[in-house]
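A.B. asks: Sequence:
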Amino acid sequence: MINRLIVNADDFALTSGISRAIVEAHQKGIVTSTTILGNCDEKLLEEAVELSRQNPELGIGAHLVLTTRKPLLEDHKTLVDELGNFALNEKVDLDEVYEEWKAQINRLKEHFKLTHIDSHHHVHLREELKPIATRLSKEFKLPMRSDVDNFPFGIKVDAGFYRETVSVEYIKEACEKEKGLLEIMVHPGYADDMFLQEISSYSLPRQKELEVLCDDSLKEFIKENNIELVNYSFIHLK
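Residues 1 to 238 (this note's numbering) are what the sequence shown spells out, left to right.
Please keep in mind that the hints were generated in silico from the structure rather than gathered at the bench. As the structure is a computational prediction, the values presented were derived from the model and not from experiment.
BS3-like mimics (lysine-lysine), calculated; alpha carbons at most 25 Å apart, straight line: (1) 43 to 109; (2) 70 to 113; (3) 138 to 156; (4) 172 to 156; (5) 177 to 156; (6) 113 to 138.
When you get a sec, could you build the whole thing from the sequences and use the hints?
C.D. replies: Written out as structure tokens, the structure is:
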């Protein structure tokens, strides 16, 4: 049985519905942490800033992006398609990736006290991109969500809470079979967000995730087993 649990909700500020659902899962459920898209829309960023201000215990990390919407830096041609949207392929200039991700982190740092780094669609774990994410993790002194073969700081990451496995039982079993500190990756959201259905293949199941994360029996399980709900803020890099 674990003794500490991070429940990180990806995709803060992807849509307004997702941001509101993440906050609800934090206020009424077990979500302790979230990561916000580095290139999110300015209006959605403003909403996220206000939601964060209202919920100071919710850890906020940087969700680095290379696959959705447009980059912050307009002159990085190897990262985009003919319309200027992100189009990740094997021909990307790695220096451009570094500069874009650094710009995304700096943008978020203006508004949040960042707790850690991960990425949209897990691109920071790709073989050619992971060294860039690791470099930025060291430069900004931010812990980075790692892959299952290299748990950072003793944190095992469970990414299996997805589609058919979304259930109270899945989270309970994940807590029971591991020891120490565990992060469970989640993606709650409101299914009535039409824009989400246009930009993401994972839309309707987000509503079920929200329901599970706020389930009373799950909260009672965590309490009965003395599992401490935490976020990445307790990890300090030198």
